[in-house]
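**Q** Each chain is listed here by its residues.
There are 4 protein chains.
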Amino acid sequence: MPVVLRTTLGPKTYFPNISRISFEGPGSDNPLAFRYYDENRVVAGKTLREHFKFAVCWWHTLGGTGADPFGAPTKDFAWLRASDPLQLAREKMDAGFEFITKLGIPYYCFHDFDLVAEADTLAESRRRLDAISDYALEKQAESGVRVLWGTANLFSHPRYMNGAMTNPDFAVVAHAAAQVKNALDITLKLGGEHYVFWGGREGYCSLLNTDMKRELDHAARFLHAAKDYARANGFKGHFFIEPKPMEPSKHQYDFDAATSIKFLREYGLDRDFKLNLEFNHATLALHTMQHEMQVAADAGMLGSLDANRGDYQNGWDTDQFPMNLYELTEAMLVLLQAGGLQGGGINFDAKTRRNSTDPADLFYAHIGGMDAFTRALIAAADILEKSDYTRLRRERYASFDSGNGRAFEQGQLSLEALATLAAQQGEPEQRSGKQELFEQFLNRYL
Amino acid sequence: MPVVLRTTLGPKTYFPNISRISFEGPGSDNPLAFRYYDENRVVAGKTLREHFKFAVCWWHTLGGTGADPFGAPTKDFAWLRASDPLQLAREKMDAGFEFITKLGIPYYCFHDFDLVAEADTLAESRRRLDAISDYALEKQAESGVRVLWGTANLFSHPRYMNGAMTNPDFAVVAHAAAQVKNALDITLKLGGEHYVFWGGREGYCSLLNTDMKRELDHAARFLHAAKDYARANGFKGHFFIEPKPMEPSKHQYDFDAATSIKFLREYGLDRDFKLNLEFNHATLALHTMQHEMQVAADAGMLGSLDANRGDYQNGWDTDQFPMNLYELTEAMLVLLQAGGLQGGGINFDAKTRRNSTDPADLFYAHIGGMDAFTRALIAAADILEKSDYTRLRRERYASFDSGNGRAFEQGQLSLEALATLAAQQGEPEQRSGKQELFEQFLNRYL
Amino acid sequence: MPVVLRTTLGPKTYFPNISRISFEGPGSDNPLAFRYYDENRVVAGKTLREHFKFAVCWWHTLGGTGADPFGAPTKDFAWLRASDPLQLAREKMDAGFEFITKLGIPYYCFHDFDLVAEADTLAESRRRLDAISDYALEKQAESGVRVLWGTANLFSHPRYMNGAMTNPDFAVVAHAAAQVKNALDITLKLGGEHYVFWGGREGYCSLLNTDMKRELDHAARFLHAAKDYARANGFKGHFFIEPKPMEPSKHQYDFDAATSIKFLREYGLDRDFKLNLEFNHATLALHTMQHEMQVAADAGMLGSLDANRGDYQNGWDTDQFPMNLYELTEAMLVLLQAGGLQGGGINFDAKTRRNSTDPADLFYAHIGGMDAFTRALIAAADILEKSDYTRLRRERYASFDSGNGRAFEQGQLSLEALATLAAQQGEPEQRSGKQELFEQFLNRYL
Amino acid sequence: MPVVLRTTLGPKTYFPNISRISFEGPGSDNPLAFRYYDENRVVAGKTLREHFKFAVCWWHTLGGTGADPFGAPTKDFAWLRASDPLQLAREKMDAGFEFITKLGIPYYCFHDFDLVAEADTLAESRRRLDAISDYALEKQAESGVRVLWGTANLFSHPRYMNGAMTNPDFAVVAHAAAQVKNALDITLKLGGEHYVFWGGREGYCSLLNTDMKRELDHAARFLHAAKDYARANGFKGHFFIEPKPMEPSKHQYDFDAATSIKFLREYGLDRDFKLNLEFNHATLALHTMQHEMQVAADAGMLGSLDANRGDYQNGWDTDQFPMNLYELTEAMLVLLQAGGLQGGGINFDAKTRRNSTDPADLFYAHIGGMDAFTRALIAAADILEKSDYTRLRRERYASFDSGNGRAFEQGQLSLEALATLAAQQGEPEQRSGKQELFEQFLNRYL
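Chains as they are written, first to last, in numbering that gives the first Met the number 0: chain A, 0 to 445; chain B, 0 to 445; chain C, 0 to 445; chain D, 0 to 445.
In isolation and in its complexed conformation, chain A is listed as follows:
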């Protein structure tokens, strides 16, 4: 039965001119309405709500004020003005729940210090987290909104400049552990379904001063300790690693899906950990999102997605809102064929441009993204259900479905046996890969 979110306002209203966003259909010109996203619509056997589990990202959406390496913040958000850290945190949460419920998004995701500013000591930071999570519980109860995943920010504070889990100094590793313990406690308290590790500072700028092996050993020790603690305290969700190839480091250890899976398996972490894949990170690694998703799905690790898009020609994480229907449809093709995500959802890890400073811009961007995902999912379902796509692809591999091909696939043919068959068969016939025809299925159903 569909959960209906209740629009949840705080003492102040932060988006007074914007009311609940409704579905108006493809013909609508209203930029503050959904043209495609209707959470109860059923596509390929499930509602959109079940497919997507959209989440708002506290980091970018409520805390991203537009600073870049060449400029100061541009966005003077009304919910970031209080001088008292906890008062600011509550107002930020009010704005967040107003925003999320006006959009009808069922989940949110957070770093520990997205919820409330870090304090000078671990103890005081913990007190702040305890207080703001009490308030979050109230807002969650009132609205029906839930936590998709929590995480700890192990990259912004200067102490992590040489890494957190992989810092050459044990004192920093211990500090990171304390921070993760708190973040796990808060995630559990708020009913967070999963927990994410993004290794922004786990990597290196120069191999000259780095002992990579020792650092990776430490990371594995750390992750085991975190996992054991969470499990002992009743955490049932998945842990997610979020691959990214570079930035801020020259080289990050979790370069891509394959590298991360190799690491998790090498250190015996692969039963508890899956991947949280991001579009922009996939393209920065010279892959495509569909490639990363397929690698993860084939390893049983397609956990969750961070939705955004990069600029292929600006070699850093631009985190633009998703609107490219090609990228999204190819991703949804993998998602549908993989049977969906393993527990996770789709978090908008995206930011409006630095010069998109109107409050409405946040709405345009999320609406555009939700509509784009919807359109892509429908197109992917159509391609799989209505077109020749599946048949054509399956037929390419038909020679392995029976006979010698099947025997080979089952490991029953030696190199000599294969060579004998080759000598008998003569030169193989040429078979076109028909890529242009396959590509036309995309434009046919967009």
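Careful: at least some of the hints might be erroneous.
Identical copies carry no separate label here, and so any pair may be met within one copy or between two of them.
[Claimed, not checked] Subject to a maximum C-alpha distance of 30 Å in a straight line, what follows is the list of computed DSS-like cross-link-like pairs (lysine-lysine):
#1 188 x 226
#2 212 x 45
#3 212 x 385
#4 235 x 11
Since the hints were derived computationally from the structure, they do not count as laboratory data.
Starting from the structure of chain A, add chains B, C and D where the hints point.
**A** Here is chains B, C and D on its own, set in the frame of chain A:
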């Protein structure tokens, strides 16, 4: 005891104006002399000959005639003019042994059809390979030159346009198996120390028409069959996988060292296979060569190297001759610290520019590369032996050498225990990574 | 009045299973029909035929047989089998006119040696060109097909390995001049509307051995000579320069639109030359096609387009068929606002993938491209005519339409005057760039 | 006669453990000594001091505290702690002059608000600039240090989020003009030799919301107004444009040298403006620094250099300290052959890594950079003076030095005349470009 190569000419002389290249020392202006490479010089406890095991690459050096996607061959090599394929192959081999012995390079590497042109049938191709390998054995005996590794060209022929081991058509897979069987036989016959797989067409141009999982399963079946055959026939060397991220495919399955190691372990191939790493492939994958070498070394898989350099701004495999002392010195730092290569050597997988059409250009290029490797090895040894480099790097990790850091490294501290330590210790002290100082060690010893 | 092309077959039929491609509308599932392209449809006041002037490219479509740096040709085209060069050329032309008229494409484009293979001497090459152009005139008359532009291939032959117009050797420059003279003669004879220069080998691989200034001076001398000759012989069309940043050279002199315009103006060539812009070249230069088109349009040099698309992550010219509706719609927005192309058209400088080996693949690819351009043009027209796009963009600059802003735009305000105004006005109000809203116009009309 | 800088300390000493850096020669292991840089050494006829005119960059060296898009500042510089803006500015200046004179660097460069923090109003900002420039004059007089160039920061403040000179809102353009007027006044007052414009926000993130032509018209109006004002007030130096292709914008208008020269000429600014070229900007534009320098030199616009280096694989401006002797030697080859810079010098637009947090790291980095430039200049001079380099390169073009080649170069041969010569001469001889030999000159003299 040093092996002295005998200059080995055939019926015709192909480089009549060039005599044996000798070592003249750093002060020499002679572009046809070594300024640094002296094979018997001892650096860090081994001769240069032992460190490097340089090899000439039949593919580029004798067969690379300068065609590119926009132009025809430019190099009218005198050894490629005979109309009879076997006569051409013998003249090519004469030229090769003249070249290699005039340079004093102890090894060569080949694809099957670098040795002699492929014929119309497997049987005829095999007959040609048998004949030319008889001739190669004579030349090897006369000269003292050896085979570092052999391989099969599974990418040039049109039949492999959709892959070889991973082709969607079983008939092509079987053909590839027959070809690999022959290549293994020839490698064994010639005393080849190792055997390489480079998956130029194992990958995809579009995931739309590709079943990645099924293709990788087939690749593993294929590699097991090849390995089992070779072992049964007495092959004692290593098998090497050569990672490359892209080109000719959009996405190649052996993207980088980490991806290849993941694959080898996943399918139980990691005991017999190691990696053959290439500089230009490393940088195309957005890594550095030292990174790839370190990843391989930490997995016990630093097998062999393909020496060249890429252009960081032209996103394809330019395969230029190595001359960048920074890239090489950082690579040699990893090599020395890893205790050298696991059986392999350094193959010049490099080509002179398309417009470098003089026979002497081939000599300038190889001499330049051998001198550059030598200078880099000496610099790396100096950095490790004479400078503060090793001490400074070790000190960065000293907190893990004893006490709580050591207990953590050994897995004896839980997350709670770490958090307790963090609460006690207060904010960690800041420790500079001193990257600019580390970098100056390079310029100090170049 | 629309020109109806006559389906024009030669003695043999090369695409016997494919008949004239017809328009069946968006609901059609037939991959051998147009879903959008209907040449007489009027969009934004002109027929599609007038907007696009589509052209088939002899180079790729009839001559591109699938070789790449790692592999041999894969496409055994039936029209490339004759042993006599002129017979082959005639059969190729038969196939070309069959293809082009079955698709209903009104133009073609060629390099001199796309029409007939180059001979050993200039004189014999000229005789071949004379003969094949006689045949082409017949085919053109029969079919109604016309020549959009001709050009000379100054990059494939080994003699051009160091450049053609910019070769350090005057003998090569002179040879290139003879070849261009012939190509101009043939273009004139065939009624070619324009003439293109693409400087594939005009550039350098290393600045170390290059005198850039002297080479560019020579290029300008050459272009003046070519222009003067053509004008003296009655050529009324435009000359087009085709920018590309790299490949085959490390650095090509015609890097991008701005660089090419600078060169043309510097040497007084800007009255006769305009630009032929290519999508894949634009993205290789880190620009977008719409950027390059806008730069050209603002200089009055938006001459003609080469239609294709690149892979943003494979840093070479992949020349894939255009199918990305975002790239195309943004390009069509510039085209419509610029009032169309200055004389040129849209040439499919694109190739089917190396493993797309069925004759039908050529049809799928061109149909897909023509439909994609059509859909993009319609979307662009809708955005300009039906949406708030134009108004919103104009309003961003409204402060320059009157008052002090207008005075500034007209050059009437000194720095002091501006500073005085600034002191009076106080801090400017913040105005959002609303990029996400602008982007939604694309998805609204696709 | 050499100017000897006086070590100039303020009330506090900021680098107490570091004394004046002296030249100790190549054998020194002291990381706080010069191994190559000796300002009075004569190379190629001029002292190093005259060749280089090194400058310290206030922006990075004194103000770069290590923030990045994922993290807070890491460097708690002692000179940035005062609460009063002018007191902070004076302490920063004390630290700067201590640093610069201990290194023996003769110049510095600044943005207006590097000198003192921007205030809330233009008037108050001006008062602060007046005050701090009085103090700077005292420090300059005491030390002998001079200003290489000044500039205005038109990119950090939120008001410039949509551009400064090219902002769609006239009010912002006027504000920028007021700021530039102040910056010009201060530069004149401090005896600044030149004035720079870097267009960090002049460009666009999306062409969809941008009128490029109108924005560039405005930029030209602005630059004319600034130039006229400065000239009227006695400024005799050059104005420099600093090209950069992207970041922070998706596309910056001053993409590279060629684009900037095109713009300056188009709007009649080329007599007063030259280029300030940066290594990292050159490589981000897919060029090399030597290419950009050659383009500028050939246009008479090689004004000044920003010294740093980028990471070729991290697609943003890493601004690392220069230490790559290949990049620098190729740059110095152009510089020497061009007869030096046109008035400018070499500004260290480079920052120590975010985790290089020791005060000494700033010294290591600058010393390493100065030594690297010195070594590169010596190598370049050796290549030009001692090797065959110049002769070999000149001989490549010898066919244009006389006869028909010379006639062509002088514009005396028509296309027909060239064609006639080509017919007579037959196929040109092949001439190797000898790139590998040219490259060996670098390793020979490093």
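**Q** Hint by hint, note whether the structure agrees.
**A** Evaluated hints:
Taking identical chains as interchangeable, the C-alpha atoms of residue 188 and residue 226 lie at most 30 Å apart only when both belong to the same chain, with a minimum of 16 Å there against 53 Å between chains. Proximity of residue 212 and residue 45 under a CA criterion of 30 Å is satisfied inter-copy only: 26 Å between copies versus 45 Å inside one chain copy. In this assembly of identical chains, residue 212 and residue 385 lie within 30 Å of each other by CA distance solely across copies; the values are 24 Å between and 50 Å within a copy. For the identical chains of this complex, residue 235 and residue 11 are neighbours neither inside a copy (36 Å) nor across copies (58 Å), given an alpha-carbon limit of 30 Å.
Hint check: a violation occurs at hint 4 only; the rest are consistent with the structure.
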